[in-house]
Each structure stands twice: as C-alpha cells, then as structure tokens.
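S.K.: Just so you know, full-length UniProt numbering puts 10 at position 10 of the sequence shown, and the rest follows in order with no gaps.
Errors might be hidden in some of the hints.
Okay, derived cross-link-like pairs now, EDC-like style, lysine to aspartate or glutamate, Cα gap no bigger than 20 Å in a straight line [what the hints assert, rightly or not]: (1) K88 x E119; (2) K315 x D250; (3) K293 x E309; (4) K353 x E336; (5) K61 x E119; (6) K227 x D198.
These are calculated hints, taken from the structure and not from any lab test.
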Amino acid sequence: MILHISDTHLGSRRYNRDSREQDVYDVFSQLIDLAIREHVRAIVHSGDLFDVYKPGNKSLKFFVDKVKLLRDKGIDFINIPGDHDTPKVRDEIYTQRLLGESLGLIEMLMGDQDPRFVEIDDGGIRIRVYGIRSMSTVFRDNLLNLLGSLKPEGERNVLMLHQGFREMLPYDNAWQLEIGSLPKGFQYYACGHLHSRDVRVLPWGGILAVAGSPEIIREEEIEGWRKNGKGGYLVDLSKREAEIHPLNVDVRPQEVVRIDTASVDQDIDNIRKKLSGGRKPILHVILEGDSSKRSYAMKRLSQLSEIAEFYRIYKDETTDSQLREVKASNNGTISELIAEYLRKQGYNDEEVKLILEVIGKYDSDEADEILKKFAEMER
Numbered sequence: 001m002i003l004h005i006s007d008t009h010l011g012s013r014r015y016n017r018d019s020r021e022q023d024v025y026d027v028f029s030q031l032i033d034l035a036i037r038e039h040v041r042a043i044v045h046s047g048d049l050f051d052v053y054k055p056g057n058k059s060l061k062f063f064v065d066k067v068k069l070l071r072d073k074g075i076d077f078i079n080i081p082g083d084h085d086t087p088k089v090r091d092e093i094y095t096q097r098l099l100g101e102s103l104g105l106i107e108m109l110m111g112d113q114d115p116r117f118v119e120i121d122d123g124g125i126r127i128r129v130y131g132i133r134s135m136s137t138v139f140r141d142n143l144l145n146l147l148g149s150l151k152p153e154g155e156r157n158v159l160m161l162h163q164g165f166r167e168m169l170p171y172d173n174a175w176q177l178e179i180g181s182l183p184k185g186f187q188y189y190a191c192g193h194l195h196s197r198d199v200r201v202l203p204w205g206g207i208l209a210v211a212g213s214p215e216i217i218r219e220e221e222i223e224g225w226r227k228n229g230k231g232g233y234l235v236d237l238s239k240r241e242a243e244i245h246p247l248n249v250d251v252r253p254q255e256v257v258r259i260d261t262a263s264v265d266q267d268i269d270n271i272r273k274k275l276s277g278g279r280k281p282i283l284h285v286i287l288e289g290d291s292s293k294r295s296y297a298m299k300r301l302s303q304l305s306e307i308a309e310f311y312r313i314y315k316d317e318t319t320d321s322q323l324r325e326v327k328a329s330n331n332g333t334i335s336e337l338i339a340e341y342l343r344k345q346g347y348n349d350e351e352v353k354l355i356l357e358v359i360g361k362y363d364s365d366e367a368d369e370i371l372k373k374f375a376e377m378e379r
C-alpha cells in the first residue's frame, strides 16, 4: 500500500500567525503517523511540499526530522515539485534536489530528467511510480509531449501530477490538461494542485484522485472540507484495480459567518453558542447592514477574539441606508440622464440647471461663479 498526499505547504503562515504555521506542521505530523500505523510501503506526494521554493530553516528541519522517522520504518518518500516548489530564479536548484540527491532522504521525479520512475517492492508486488513536475500553461505542449512519451511497464503503475484539469478548473489559464489527454496504462493517477479532494473513475480504467491540501489553506476550501474531510488517500494496489480509502486528519475548524451591524451583539452571541467547546476556529466574517453603524460593529467584533483563534473581515457588504435607489432611463442624452438622477436625489430644477452648467463649463472661469451661486442657494 501507498499513502497519497499533496499540497502540504510546509512553512505556510496564513495571516502571518505562528499558530497557522503550527497547524500546517500538526496535520503533516498526523499524516506521518498514519503512514507508519498503516505500514505503507511509500508516501507519494504530488507537489507543493513547501509553501515557497526556498523554505526557511524551521520548515526544513521539521520535514527532515519527520522523513527520518519514515526512513527508519522502511517507508520511501516520493515527490514531484509543485508550482510553489518551483524556483523563480534562473539556475536556482529545487529544495527537493538537496533533500534527495545530497541527503538521500527522498526520491524526486521531474519527468523530463532521470530517473523517469521509482520502483518499489510492496510484499512481492512491484510498483512503478512515475511523475512529472508542475508545468505552467505556457509549457502545455511540452507537458503533453512528456505524457505521450510515457510507456508504463510495471506490474502496477502510478502517475504523479501537479496540474490543473479543465474539468475541475474551467477558467482561462487555470488548467493545463484535460482528463482525456492522460496516458493509459496506469492504475492510479496521484494528482495535486487543487486543494479540495476529488476522485474519478476513468473511462479506460484506473482512478484519478486529487488528495487536496491536508490543512485548510484558503476559505474557499471550507465547503470541500465539510463534505469530504482533509487528509490523504490510502491506496491498495495488491489487485489489478486500485482501491482507495480516505484517511482524515484533525484540522482547525474554519467558518464563514454573517454579522449584521444592526444586531452585532446578538449575532456574536449566537456564534459563541454554536462554537462553544473544541478547538478555537478561524472566522471569516461577512459584515452586512447599515454602513453608518460599521464603526460600532467593528469595535464589538473584538469579542470574537475570545472564541476564535483569528477572525477577519472576509467581505464588507454594508450599504448606506440613506442612499436612494436610482434607476435611470435608458433613453435620452447624457445631460438628461444626469438631470433625471439629480431630481431623484432631491434637487430642484434650478439646482439641476446650475449643476449641469458647472459640468459643461468645468474648465472655464465661469465655473467658479456658478459654484458660488449654487453655494448661496444651499444656505
């Protein structure tokens, strides 16, 4: 068996908080413990091992200490670089190359360089693990050529990828592959890049699985976490067809909450009751209601610090209740549309006339005189 994980983003410290960095380390530790407990032969990691391509010493030491535990148990760690792992400076080396070639702690696959695969023996069953590093949309043709050149020859074959799929990310420049362009002959396609889990049985046989990030990195992952959990996949390749079992880790909960400026204290009290007990969550606040009460609401929001590890204004949807809703006519000249708008805002015909004159003569000396006249009318 193998354990498929991805997008661990070691060293990530969302909102610049030590606790969030520690959360990332905690879930990785849980994954290592699961691998040892389940007696897997290898961990396959589908990219974005670290959050940045030059990780700090803290995250490096953490990873080295953990992977040594695996090595002592005879568990290989096989990795492909993700987009976060990819150097942004020419001639800079991958951190994984240091960990693999120099220290012998991991196996790294690039796809366009040797070794082209890693072969492991799992109880007499030989598994070949292939992998291709993350490639941007600019290099899509190169990626397709590499995929087309793969000729899996093992008893069991695994392909690791860190790419966006059109079927999962149907946005311009967000995807590099279509599922139909994947090479045949693999029992398991171990994918990364997307942070929410996804499993698909392919038409030609084989399973495509996106392991997702084991920690909630961004708020848009909350829905996927609630539905499918976070963690990795235990992959059993003892038979011709792969069998997968999700293994979940315990993550810090996160919530998107709505708070109205008119009922801020009651809303906070309701949140307090809902979240009482357990681990302190991260709260993403959607603030709504009358913007004139926003300052008061912001002060009252400080109460959230008592029940949350961290909170932030995710969206400010407050509106000015004094503004009149205006629907301008689709017909008429620009001046007529402006006049219609001004009248609906309460200006009389004389005031509208003066404002239009100012607009028409904004770059002339007459504008000052018109403004003075308008100011006298406003007194």
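S.K.: Now tell me, hint by hint, if it's right for this structure.
M.R.: Now for the hints, and whether the structure bears them out:
Taken as a hint, the K88 and E119 pair is broken in the structure, with Cα atoms around 30 Å apart against an allowance of 20 Å. Note on K315 and D250: the hinted pairing is violated, with a Cα-Cα distance of about 27 Å set against a maximum of 20 Å. With a CA separation close to 25 Å, the supplied pair K293 and E309 exceeds the 20 Å bound. Restraint check for K353 and E336: the C-alpha separation of about 11 Å stays at or below 20 Å, so the hint holds.
Between K61 and E119 the CA atoms are separated by roughly 27 Å; this puts the pair beyond 20 Å, and the hint is violated. With a C-alpha separation of about 11 Å, the suggested pair K227 and D198 falls inside the 20 Å cut-off, and the hint holds.
This entry does not satisfy hints 1, 2, 3, 5, going by the numbered hints stated previously.
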